[in-house]
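Peer 1: Given next are the chains, with one letter for each unit.
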Amino acid sequence: MTALSHLQPSEHAVLDLSANPRWADRHRAAWRDLCDGLGQWRLVWTLAWLDIRLRYRGSMLGPFWLTISTGAMVAAMGVLYAVLFRLELRDYIPFLALSLVLWNFLGALVSDSCVAFTANEGLIRSVRMPFTLYAARIVVRNGVGLAHNAAVVVVVYVVLWTWPGGMAVLALPGLALWLVNALALSLLLGAVCARLHDIPPIVASIMQMAFFVSAVIWKPEQLGEGQWALAFNPFFSLLEIVRGPLMGTLPSPLIVGCALGYSLALCVVTWFVFARVRGRIAFWL
Amino acid sequence: MTQQTSAAIDIEGVSISFPLYHGNARSLKKTMFSTVTGRMAADARNRVVVEALRGIDLRLRPGDRLGLVGGNGAGKTTLLRAMAGIYEPVTGRVRVQGSINALLDPNLGMNPELTGRENIMLRGLYFGLDRRAIEGLAEDVAAFAELTDFLDLPVRIYSSGMVVRLGFALATAVRPQVLLMDEWFLAGDASFMDKARARLENLVRGVDILVLSSHLADVVVQWCTRAIWMDQGRIRADGPPAEVLEQYLGKPVHPLPPLAPPAPAG
Numbered sequence: 225m226t227a228l229s230h231l232q233p234s235e236h237a238v239l240d241l242s243a244n245p246r247w248a249d250r251h252r253a254a255w256r257d258l259c260d261g262l263g264q265w266r267l268v269w270t271l272a273w274l275d276i277r278l279r280y281r282g283s284m285l286g287p288f289w290l291t292i293s294t295g296a297m298v299a300a301m302g303v304l305y306a307v308l309f310r311l312e313l314r315d316y317i318p319f320l321a322l323s324l325v326l327w328n329f330l331g332a333l334v335s336d337s338c339v340a341f342t343a344n345e346g347l348i349r350s351v352r353m354p355f356t357l358y359a360a361r362i363v364v365r366n367g368v369g370l371a372h373n374a375a376v377v378v379v380v381y382v383v384l385w386t387w388p389g390g391m392a393v394l395a396l397p398g399l400a401l402w403l404v405n406a407l408a409l410s411l412l413l414g415a416v417c418a419r420l421h422d423i424p425p426i427v428a429s430i431m432q433m434a435f436f437v438s439a440v441i442w443k444p445e446q447l448g449e450g451q452w453a454l455a456f457n458p459f460f461s462l463l464e465i466v467r468g469p470l471m472g473t474l475p476s477p478l479i480v481g482c483a484l485g486y487s488l489a490l491c492v493v494t495w496f497v498f499a500r501v502r503g504r505i506a507f508w509l
Numbered sequence: 018m019t020q021q022t023s024a025a026i027d028i029e030g031v032s033i034s035f036p037l038y039h040g041n042a043r044s045l046k047k048t049m050f051s052t053v054t055g056r057m058a059a060d061a062r063n064r065v066v067v068e069a070l071r072g073i074d075l076r077l078r079p080g081d082r083l084g085l086v087g088g089n090g091a092g093k094t095t096l097l098r099a100m101a102g103i104y105e106p107v108t109g110r111v112r113v114q115g116s117i118n119a120l121l122d123p124n125l126g127m128n129p130e131l132t133g134r135e136n137i138m139l140r141g142l143y144f145g146l147d148r149r150a151i152e153g154l155a156e157d158v159a160a161f162a163e164l165t166d167f168l169d170l171p172v173r174i175y176s177s178g179m180v181v182r183l184g185f186a187l188a189t190a191v192r193p194q195v196l197l198m199d200e201w202f203l204a205g206d207a208s209f210m211d212k213a214r215a216r217l218e219n220l221v222r223g224v225d226i227l228v229l230s231s232h233l234a235d236v237v238v239q240w241c242t243r244a245i246w247m248d249q250g251r252i253r254a255d256g257p258p259a260e261v262l263e264q265y266l267g268k269p270v271h272p273l274p275p276l277a278p279p280a281p282a283g
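Chains A and B, in that order, give the protein sequences. When you read off a place in the first sequence, starting at 1, and then add 224, the result is the number in our numbering. When you read off a place in the second sequence, starting at 1, and then add 17, the result is the number in our numbering.
There could be a bad hint or two in this list.
[What the hints assert, rightly or not] Some chain A residues well away from chain B (every beta-carbon gap over 10 Å; in silico):
#1 Ala272
#2 Leu274
#3 Gly286
#4 Phe288
#5 Ala299
#6 Val307
#7 Ala332
#8 Asp336
#9 Ile348
#10 Pro388
#11 Ala453
#12 Pro458
#13 Thr473
#14 Ala499
#15 Ala506
#16 Phe507
[Unchecked claim] Which bits of chain B does chain A cover? Going by a derived footprint, with three or more residues having C-beta under 8 Å, they are:
#17 97-103
#18 142-151
#19 225-232
Hints were generated in silico from the structure; no laboratory data involved. Model, not experiment: these values are computed from the prediction. Here a beta-carbon is modelled for each residue, glycine too, at the ideal position from N, C-alpha and C.
Using the sequences and the hints, build the whole thing.
Peer 2: This is the structure in structure tokens:
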């Protein structure tokens, strides 16, 4: 009976916690949490995969149920709204497919983020782990869901034969920005919702409202003259930097600028909130 | 082997209190009002807190084996959590050098839907082990927990004894420099106890610092070189186990042969 004789890499083996730390210490601790959390990518990846596998345990199609339900939604809504809005099917359905796939990711990410820490209460109270780990797990889990859903978009491209062309590559920096924002959002909502239990319902109603006002199911062109103002809606500008290139249109500089500005704001706010409250989260659970 | 720093625990003037967000006091409304109106702010600042630890000073060096005794709610588990870095101090400073393993939750991160082998792999990842070490962990745990054919079946169908054995084997498979142990670890069914105790003693011998919270006087006397009596978040007595236990229990404790000293490093 021999015990494995090492537990953690020795560079992490000093724990130094002071009360009322200076901001410099808080930033350092938050940075270390972030690096340690992302450094355990194998654990993050495994946990995210297990989450998905367990959710669809015993089902034959597994996560492809997500794909099928999104596909059915696109088919049903696509035909109806194309008629209601008097739009060309061939133009509208790819738009709707992209919008819904991206919005499903965002919606699921936000609702998971609200319980990022509260759902892991037992773990957080029995072992010191970087909080980033729990947030990254949510991002990866939903990223895998997004990848499954992306099949809907591909099927739409094939059926309607509307490939976006080489410009689609420009969606990649947009997606990278989405991942950074997703991690930030997860940390922010996780921490805030752990402290204030009124936030999750508020977030849910904001998301519902945003779905209708952010040009997810209707096309921005339908607004006519006023469509430039949409750029200032953070949901729209972020949606458009990924959706635009995949539809073969380049987002305007205003949209890109707004998307970057809102992302920066989100990351800065998250950083300060996280650095401030990181040490208190365990007390709130 | 990695180069290891020598283990140490330094706790200076540590207090930890839990804010009580009673009723709907934890809501946004209260927070908003408290920032808007001055009187409410005063209320919010004077919120009720439970002082779990009050002004704890403690220094532990390699070879120290500390037993924490005291009634329920005396702050023993909170002190263990503070040492593990789970609760960050509200005042004072906690400094722990060396790898830590805190045995606080018997089913830490265990998922009943996963197989025994998957749970072992998962715990290996939590411990930060590499693939080879995880294989070693699986062998060691499977052998100790006597799971044999059950290893590849979901934990949900295990008997309760098997779950206890698996949880215990996992928690005690990795040898840290600083071992923090809560009292539940010494509870268990009788047939398993002897074996568990042998494994635990083997683990305890190999660690640099042990902090053990226990109700069992004989374990504290046998395993520990020092004992602290915790009462209402404060240290009430500190000294050799037999003396502290005598004060705590109000009756003399029969000394037992101490556990063999830690094996030389190597």
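Peer 1: Each hint needs a verdict: does it hold in this structure or not?
Peer 2: Each hint tested on the structure:
1. Ala272: Holds, since 12 Å exceeds 10 Å.
2. Leu274: violated (7 Å)
3. Gly286: It holds; Gly286/A is separated from chain B by about 14 Å at its closest Cβ, greater than 10 Å.
4. Phe288: holds (20 Å)
5. Ala299: holds (33 Å)
6. Val307: holds (43 Å)
7. Ala332: With a cut-off of 10 Å, Ala332/A remains clear of chain B, as the shortest Cβ separation is near 21 Å.
8. Asp336: holds (17 Å)
9. Ile348: violated (7 Å)
10. Pro388: The claim stands: Pro388/A keeps its Cβ more than 10 Å from every Cβ of chain B (closest is about 39 Å).
11. Ala453: holds (30 Å)
12. Pro458: holds (21 Å)
13. Thr473: holds (40 Å)
14. Ala499: holds (13 Å)
15. Ala506: violated (6 Å)
16. Phe507: At roughly 6 Å from the nearest Cβ of chain B, Phe507/A sits no farther out than 10 Å, so the non-interface label is violated.
17. 97-103: That given contact holds, which follows from 4 residues of the region 97-103 of chain B lying within Cβ reach (below 8 Å) of chain A.
18. 142-151: Since 6 is at least three, the answer is holds.
19. 225-232: violated (count 0)
Hints 2, 9, 15, 16 and 19, counting from the list given before, are not met by this structure.
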